Amino acid sequence: MDLARSDAQRVFRDELRAFLVAALATEVTDDFESQRAWQRALYAGRWVAPHWPARYGGRDASIEQFAIFVEELARARAPQLANRVGLQTAGPVLLTHGSDDQRERYLPRIASADDIWCQLYSEPGAGSDLTALRTAARLDGDTWRVSGQKVWTSFGAESDFGLLLARTEPDAAPHRGISCFVCDMHAPGVDVRPLRTMTGESEFAEVFLDDVALPPDALIGERGAGWEVGNTGLASERGVAFPLKEQAALQILLDELLDRVRRDRVVPSPIQRDRIAQDIVNLHVLRLMNLKTVSQLSAGAELGTWSSLIKLTWEEAAQHLADTVFETTGPTDPIDEAGRGAAMLRYRMASIAGGTTQIQRNILSERRLGLPREPRRT
Amino acid sequence: MDLARSDAQRVFRDELRAFLVAALATEVTDDFESQRAWQRALYAGRWVAPHWPARYGGRDASIEQFAIFVEELARARAPQLANRVGLQTAGPVLLTHGSDDQRERYLPRIASADDIWCQLYSEPGAGSDLTALRTAARLDGDTWRVSGQKVWTSFGAESDFGLLLARTEPDAAPHRGISCFVCDMHAPGVDVRPLRTMTGESEFAEVFLDDVALPPDALIGERGAGWEVGNTGLASERGVAFPLKEQAALQILLDELLDRVRRDRVVPSPIQRDRIAQDIVNLHVLRLMNLKTVSQLSAGAELGTWSSLIKLTWEEAAQHLADTVFETTGPTDPIDEAGRGAAMLRYRMASIAGGTTQIQRNILSERRLGLPREPRRT
Amino acid sequence: MQFGLSDDEEALRESVAGFVSAQCPLATTRQLLDGPLGYDPAVWRRAGNELGLAAMIIPESYGGFGASPVAAGVVLRELGRGLTPLPYLSSAVLATTALLALADDEHQGDLLPSLAAAERLATIAIIDEDRPALAIATSAAGRSGVAVSGTKVSVLDAEAADVILVVADSGAGPALYAVDRGSPGMRIERENSLDLTRRQFRVSFNETPGRPLGPAASASGLARLVDVACTALAIDQVGVAEAALHMAVDYAKVREQFARPIGSFQAVKHLCAEMLLQTERASAAAFYALWVAESEPDELAIASRVAKSTCSDAAVAVTSANVQIHGGIGYTWEHDAHLYYRRARGAALMFGSPESHRSALYERLTSAAPQEDPWG
Amino acid sequence: MQFGLSDDEEALRESVAGFVSAQCPLATTRQLLDGPLGYDPAVWRRAGNELGLAAMIIPESYGGFGASPVAAGVVLRELGRGLTPLPYLSSAVLATTALLALADDEHQGDLLPSLAAAERLATIAIIDEDRPALAIATSAAGRSGVAVSGTKVSVLDAEAADVILVVADSGAGPALYAVDRGSPGMRIERENSLDLTRRQFRVSFNETPGRPLGPAASASGLARLVDVACTALAIDQVGVAEAALHMAVDYAKVREQFARPIGSFQAVKHLCAEMLLQTERASAAAFYALWVAESEPDELAIASRVAKSTCSDAAVAVTSANVQIHGGIGYTWEHDAHLYYRRARGAALMFGSPESHRSALYERLTSAAPQEDPWG
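Residue numbers (our numbering), protein chains in the order written: chain A, 1 to 378; chain B, 1001 to 1378; chain C, 2001 to 2376; chain D, 3001 to 3376.
Keep in mind that the hints were calculated from the coordinates and are not lab data.
No incorrect hints appear here.
The calculated SDA-like cross-link candidates involving lysine to any residue, where the alpha carbons are at most 20 Å apart (straight line), are:
hint	chain 1	residue 1	chain 2	residue 2
1	D	K3253	A	R367
2	D	K3253	A	R368
3	D	K3253	B	G1125
4	A	K245	A	L16
5	C	K2253	A	A126
6	C	K2253	B	P1375
7	C	K2253	A	D129
These numbers come from a predicted model, not from an experiment.
From just these sequences and the hints, can you work out the full model?
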């Protein structure tokens, strides 16, 4: 048990902090084009994806340094990166499974935010059961012809490329017949429509693919290996970046609330005080669970089902805190910029997206505790 | 919607109250023989089973009057009836399915507490799944020979007779091959051993049956119909008596707690105050749910799955209150006569006995909401 | 004894349910969300003419039907089930109850017949900004006419109301005042409320002319008004919870994942069973409070708080679970799940949070000797 | 960075686990439940000789091994897992910590070597009856000798201890006093505690002779002692929760109902998954507090309270769920499930309930400016 930071980590952090102080000296807004400009500024300092190889704009940083990077950006309240899906999802996939040509072509432009990427995985009929996806890619000569419908696509409207999962072998076992592609979002047949969520915002899109033609080199990795290819990085940088960013978002929300309590702008009842204290505890524990993630990865261990424990810890912390914020703040003085109750509504999706609570519990009970799978319907 | 009491009900209640005031004028202790004496005193006034026919010692009372009866005994803090298993379990079974001879022979002595009865249903391998019971009754000439093991038998040591479920048709479907018997607890081969529970008390027994011989007229109702016969009354007087008595027991516990709060012998924290308030709410709602039970039965409706809602309402209220009592009272001043935490330990069984929480939820989801049964193992 | 609807009450329920599904289905309500009132005044008039909703609890002497609180509850439950934004709660229940309890005969005779005929709409303004419900800060003063000053929040349907009944300090205690639409010094702002199907307003008065409707009210008279409001919201939440439960169960039966209906998984089944339990507990608590409101008024202070806290907790839990069971589709704007969740969350905080009602119950039952026989 | 046991720590864990299962299995502990001490002193001596438990955190200069709090936590977790009633927490952790923090060199030199050699046993008496942990009412006065008066509760292993370290008011603030076994005016009564595997005592002193061990302690010095106690109980509860989780999972795999292992039903599977989650969260919180105790002492006030509240809530929930999953058999005296439940319930209230620790966290993080960088 040793959680002390090494000198190298401190140097890395201090250099990053100095860069961020300078880069954030001027006020930055949070619209998409500002996020793109911010990503370019980071790219210029080689601070956009430090764990990537230097040849693609990174610093060959360790996973511990990458964790420091994510935390420091949040701590500095830096804007989001415009191309975060490209960096977190397409990046690891291409680095691991892309051809040399694909890597050269896409990775630098992902890092520089010249190309924006989105993810085309979920479908209306394939939510918890992603292996049930039905979007099909059919080989016509050497051209892939893709038809189907995708949902829950972030940056659908802004994207130049989409990382696509489609069924290429209709007769194979459900998770074996899937392949992973680069989909040109400007190609004919790609139709992106905004998807409005319960919060009233349209932060996602539905993407309709109608006989979209993709060239042979759109395929990433082996044909039929799309399940493994598309999930690359889920248990490493994505397994670190997402929870750390979410932890930071919750910490900011909690800090806002505590600040209001200190200034008597929120006067919680005794029960609400206990709720807030539980939020403090939950965030503290989430931080420790995330530390443990980094520790495991830096020791070279697979995360495996640990990710389900992180997911459940996060979703409980998020929903509890968002509910607290709603219940403690009056209608005239919301903490959320989006209005009172906005976080409470938004975090309903924490127990749904990325594997529902129920799916995580199934994974833990079967794969971590070794309890029997349920019987299949006869 | 009309919850007003009729004049007849008020007359019934007032007569009972007057009887109880007189009968309880002298101090009554709560050991078994005192409970037997108390039951005899009630029997003398025809107040032991008012819903029974007059010829067996009852008053042909309605279910609403029976509910009043149960509540008034609790309200007067009357002692328990020694033969309560006989009255609540054997009584309805014999009244509905017993032969004339069986009724004449057993019912008056059940009411007078001359015979004490117990129930022999649960087995170590048949808890949630009662249809899995393995105790077998085999016909040898005209004698039934019974072997097997029963658990969770109240009054095992004090009983003269046991109401027994045993498998008589080994080849029939699990719940079809069971028959219901009167088992003479003094017969050779009956071995009763005390079963100590987590509270440290031995309020139950294990009963071992080793080739016990039962005469032909020990069979109650049809052979193979034991499942229906043995569960008679579950959804009528037993469905009223048990929840009302338990409601009363919880009300007494809550009253004790509130009384201590009033006298500053318990000084709850703000969180504990909210817990206590929730206990007040829970008991109020349990009372209303029980009222609704009586209303349904008096309208001639079947309770069916409603009993599962009652069970869940009760077990939640019971465990919540018992936990509150433990948490709010110090080690030197327990509310429970049995010591600090005794109720908390005892009510662990509320979510296990009589159908676990999980079984009740299954019943509700499948039979009340019409959700699909789970697939059977292939 | 009957703990459940009588044949008459059941017939009323069916006709209201039929009216709601025919005249104001949720698809229509969605189209009115951005409209000026949030509902269609023509439908409200039809509800008055065809069902007598506006006149229900008004005594026959004022042109009403003199119906019981239980009957009003039957209506509120159906309007909750349909998230129907008609001004029934505001005008026909709360304002009417306030007039019957706190106005003198003359003003009752002035206002109630026009409310009964659905010719006019009223609402009540009782909750002061940043004060508990019964600590009335809004004041009414003046020699000839009366001028009302102060700010009220959570006023239902204030924009639609022809007259706002304001509880204000008369100098001799709180009393009821009528302020007409468009009176000078009155400002009506829509609150940025989570709930999209029940509009709430912040209404401020600055030397606004008001008509005194009756003498200063007793504390218990005012408290009873809040008790009635809590009971009304409680039964509304029962309808909300029942609708969400049925949506969830229906979806769980047809949505398939892993080649099975999701409703065949115990995780979903047991969640539905828990939703059912919460809903049934809420229903028992709300109907009991409604019955008590008429038949055992002394018990209303307790029964209404039990009902409001139980129904609020239930409606929030059940509508939240409904979102969860629907998964992604339940998180979309187009799906109705969020409308129910928003309604439940909003109603839970109106006229006191569950916690505040429990706190009041605790105080009542632990101060001095018990005032009620808990054995009922 | 390593958030988990080092090879040495893992080796320690295995040897303690081996010792527990060989020398003090639960079946043996059950036989000692009604005995005079609740444990076998010979086994404690062997634990001293073979594992060096008594000497672990005592500095080498006093005959100990100078081990870290994390190492002590590794031991506490195994003793919790086995419900092992050895006086490790009382003497080797709490009394030793108190001596190291509050006694002067002379008295450390007097007591620590004999504790390290497992020749003597000590315990601490810090919690006054009806007072919060740090409001010390017990007093020490006198000119030549010192006389201690007052009543302490929740004193561990008081009957077994050769010396009781009493925190009492010296006049200039609370300080540590040693009271020897059998001193006049001292009365030791076993508390009727729920927990059968950790004995607690009420100890009253009436003009009992005591030896002052050091100067008056600072408030922070005393607070740190309570923080260490909370951290120790937290990791004990991790062991308790882990044991209960494993019992439940093992049983769910073999117990059949409806012709299936009950562990194939989602209701049971998901309950087990939730137990796992609680246990893992608790483990992270407790090990972090242990690490902080040595490496970031300023953070201990927060980390220990987070750990104590998290581990208490987890242990109670997990041990209760374990009873539920076992069904009827889990409700029997002969089954071990209740011993774990009792232990968890008892430990949850020692040195402050989860609620009291949350309340302290709230006060700390909302009073004035934040004292810690929450970003870690």
